[in-house]
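Line by line, the protein sequences are chains A and B. Using this note's numbering, the first residue of the first sequence is number 1, and each one after it goes up by one. Using this note's numbering, the first residue of the second sequence is number 1, and each one after it goes up by one.
You may find that some hints are simply not true.
Computed far set for chain A versus chain B, every beta-carbon distance over 10 Å [what the hints assert, rightly or not]:
| no. | residue |
| --- | --- |
| 1 | GLN14 |
| 2 | GLU21 |
| 3 | PHE66 |
| 4 | LEU81 |
| 5 | ASP116 |
| 6 | SER123 |
| 7 | THR125 |
| 8 | ASP131 |
| 9 | ASN145 |
| 10 | GLU155 |
| 11 | LYS161 |
Below, computed lysine-lysine pairings styled on DSSO-like, alpha-carbon distance capped at 27 Å [what the hints assert, rightly or not]:
| no. | chain 1 | residue 1 | chain 2 | residue 2 |
| --- | --- | --- | --- | --- |
| 12 | A | LYS148 | B | LYS190 |
| 13 | B | LYS190 | A | LYS151 |
| 14 | A | LYS151 | A | LYS161 |
| 15 | A | LYS119 | B | LYS190 |
No lab work stands behind these hints: they were computed from the structure. The beta carbon of each residue, even a glycine, is placed where N, CA and C say it ideally should be.
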Amino acid sequence: MSAPVDIRLTVNGQPREGRCEPRKLLVDFIREDLGLTGTHAGCEHGVCGACTIFYNGEAARSCIMFAVQADGAELLTVEGLAESDGKLHPMQQAFHEHHALQCGFCTPGMLIAALDYLKINPSPTEDEIRDAISAVLCRCTGYINIVKAVKAGAEAMRAAKS
Amino acid sequence: MKPAKFDYHCPATVDEAIAVLGRYQGEARILAGGQSLVPMMNFRLATPAAIIDLNRIRGLDQTEVTDGTVRIGAMARQRRLEFAPLVAEGLPLLTEALRWVGHLPTRTRGTIGGSIAHADPAAEIPMVLQALAGEVVARGPEGERCIAAPDLFVAPLTTALGFDEILTEVRLPAMPPEAGYAIEEFARRKGDFAIAAIAVMLVRDGERCTTARLATAGIGPVPVRLLDAEAILKERGLGEAAVAAAAQRAAELVEPMADHNASADFRRHLTGVLTRRAILKARDRQNVRSG
Ligand code: FES
Ligand code: FES
Chain A
1 MSAPVDIRLT
11 VNGQPREGRC
21 EPRKLLVDFI
31 REDLGLTGTH
41 AGCEHGVCGA
51 CTIFYNGEAA
61 RSCIMFAVQA
71 DGAELLTVEG
81 LAESDGKLHP
91 MQQAFHEHHA
101 LQCGFCTPGM
111 LIAALDYLKI
121 NPSPTEDEIR
131 DAISAVLCRC
141 TGYINIVKAV
151 KAGAEAMRAA
161 KS
Chain B
1 MKPAKFDYHC
11 PATVDEAIAV
21 LGRYQGEARI
31 LAGGQSLVPM
41 MNFRLATPAA
51 IIDLNRIRGL
61 DQTEVTDGTV
71 RIGAMARQRR
81 LEFAPLVAEG
91 LPLLTEALRW
101 VGHLPTRTRG
111 TIGGSIAHAD
121 PAAEIPMVLQ
131 ALAGEVVARG
141 PEGERCIAAP
151 DLFVAPLTTA
161 LGFDEILTEV
171 RLPAMPPEAG
181 YAIEEFARRK
191 GDFAIAAIAV
201 MLVRDGERCT
211 TARLATAGIG
221 PVPVRLLDAE
231 AILKERGLGE
241 AAVAAAAQRA
251 AELVEPMADH
261 NASADFRRHL
271 TGVLTRRAIL
281 KARDRQNVRS
291 G
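Model the full assembly from the supplied sequences, consistent with the hints where possible.
Following this line, the structure appears as structure tokens:
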């Protein structure tokens with residue numbers, strides 16, 4: 001029962017599989033077994049948000065889930081945001097243009113937390129953006145440019161839709 | 001920062017889960033949303049022999065209203081409930097409380113039953129269970145029993161649930177439509193654990209206050225109702241002087257903890273301040289709601 005188990009899931013639209021002990025954290029499975037190192041492991045106890053991914057369409061912390069729980073799930077990680085030709089997602093583009101990252105450690109989690117919130121509220125105020133990204137810690141930027149980028153990214157996404 | 005080895009069980013039914021729980025004689029832990037348990041396991045503050053994962057049991061996340069009681073399956077995700085019209089209508093105090101629970105990405109996984117069974121002294125959902133005089137359903141080898149909020153919370157991270165019992169449902173009496181309500185919380189950062197929080201529900205009839213509910217989180221070892229402070233509002237109404245008296249009484253009633261976040265004195269002070277603010281907010285909201 002603590003022996004390795006098979007895990008099959010969909011990651012960024014591709015069927016993937018792996019085998020690991022039940023105690024393996026989902027973030028470690030994503031990074032080590034699937035080789036997708038864009039998802040970062042920071043605090044490993046659910047506080048910093050660096051490991052945030054889309055789990056069945058909603059943002060969740062992958063450091064406080066076990067990989068075995070994701071059997072059959074659909075994940076989207078930062079690697080799945082850009083288009084296949086490398087064209088950045090509008091939110092990534094906005095982060096690029098607004099200099100919303102320095103070391104970049106928090107960026108995958110920031111992007112996913114922001115996109116998750118925009119699904120609920122596509123036109124957030126600055127206060128609402130601050131509230132939403134309070135789910136992710138950034139030790140470099142001071143957040144100002146991240147807030148600007150999320151605002152701009154949200155506008156670009158709305159413009160692309162209409 | 002990685003969990004120790006454990007046996008992993010993923011039962012398909014509650015009965016199966018109870019049977020496995022019994023086999024481990026208290027050495028197993030139930031995994032609901034995992035937003036508190038897994039961090040503890042990562043730190044190895046918890047090293048259970050077995051994990052019994054409830055996430056694949058069907059039907060444990062249903063919400064329905066029967067006879068004025070909102071019955072919420074223990075595995076209902078906090079995020080689902082936060083946006084559920086049924087909750088917004090019948091339990092707006094819960095909707096408001098959920099916005100204070102962690103962050104949106106933790107509410108994706110976190111469950112209502114998990115938060116209550118974990119019984120963190122700073123958690124908002126147990127405070128709402130107290131404020132609304134709710135109860136939980138516990139199922140064990142002998143069958144089901146109901147545990148009322150005041151009997152449930154024993155000590156920090158400790159409830160009256162037996163080691164072979166599973167919390168399966170949360171029952172909250174629907175709030176009167178004319179009720180005013182509010183939550184006031186003090187924390188260092190958005191989404192952090194509450195250093196002190198107060199939940200209020202009021203029903204007013206002209207100058208009189210016919211129902212007053214005050215409950216705490218983060219202040220003492222367990223969430224409590226502040227009955228004597230409620231009594232002041234029911235006797236004296238919702239004028240400035242009565243509200244101030246109730247707030248002062250609230251500060252006297254609590255048994256505040258001291259830790260690295262705040263001294264006991266500071267928590268007592270916050271209790272008074274937050275109680276006053278919460279009552280006033282609930283009172284004004286009620287005015288708006290009753291037109
Ligand atoms: S690594 Fe998951 S929240 Fe910090
Ligand atoms: S850019 Fe370095 S942590 Fe955010």
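Report holds if the minimum CB distance from A:SER123 to chain B is greater than 10 Å, and violated otherwise. Check passes; 17 Å lies beyond 10 Å.
Is the straight-line distance between the alpha-carbon of A:LYS148 and that of B:LYS190 27 Å or less? holds, 19 Å
Measure nothing beyond the straight line between the CA atoms of B:LYS190 and A:LYS151; if it is 27 Å or shorter, mark the hint as holding. holds, 20 Å
Examine each Cβ of chain B, and state whether all of them lie more than 10 Å from the Cβ of A:GLN14. Non-interface label stands for A:GLN14: nearest chain B Cβ at 22 Å, farther than 10 Å.
A cut-off of 10 Å on Cβ-Cβ distance, and A:ASP131 was said to be off the interface with chain B. Does that hold? violated, 6 Å
Non-interface claim for A:LEU81, where every Cβ of chain B lies beyond 10 Å: holds, 16 Å
Consistency of the no-contact label for A:GLU21, given chain B and a CB cut of 10 Å: Check fails; 7 Å does not lie beyond 10 Å.
Would you check whether the claim that A:GLU155 is not at the interface survives, using Cβ distances to chain B and the 10 Å cut-off? holds, 21 Å
Run the distance test for A:LYS151 versus A:LYS161: straight-line Cα separation, threshold 27 Å. Since the Cα atoms of A:LYS151 and A:LYS161 sit roughly 16 Å apart, the hinted pair holds (cutoff 27 Å).
Evaluate the condition: distance from the CB of A:LYS161 to the nearest CB of chain B exceeds 10 Å. Per Cβ check, A:LYS161 is outside 10 Å of chain B; nearest 21 Å; holds.
Quick check for students: does the CB of A:ASN145 sit more than 10 Å from each CB in chain B? Given that every Cβ of chain B is farther than 10 Å from that of A:ASN145, nearest at about 19 Å, it holds.
With 10 Å as the threshold, tell me whether A:THR125 passes as away from chain B on beta-carbon distances. The assertion about A:THR125 holds, with a minimum of 15 Å to chain B.
Going down the numbered hints, you'll see the structure goes against 2, 3, 5 and 8, while the others check out.
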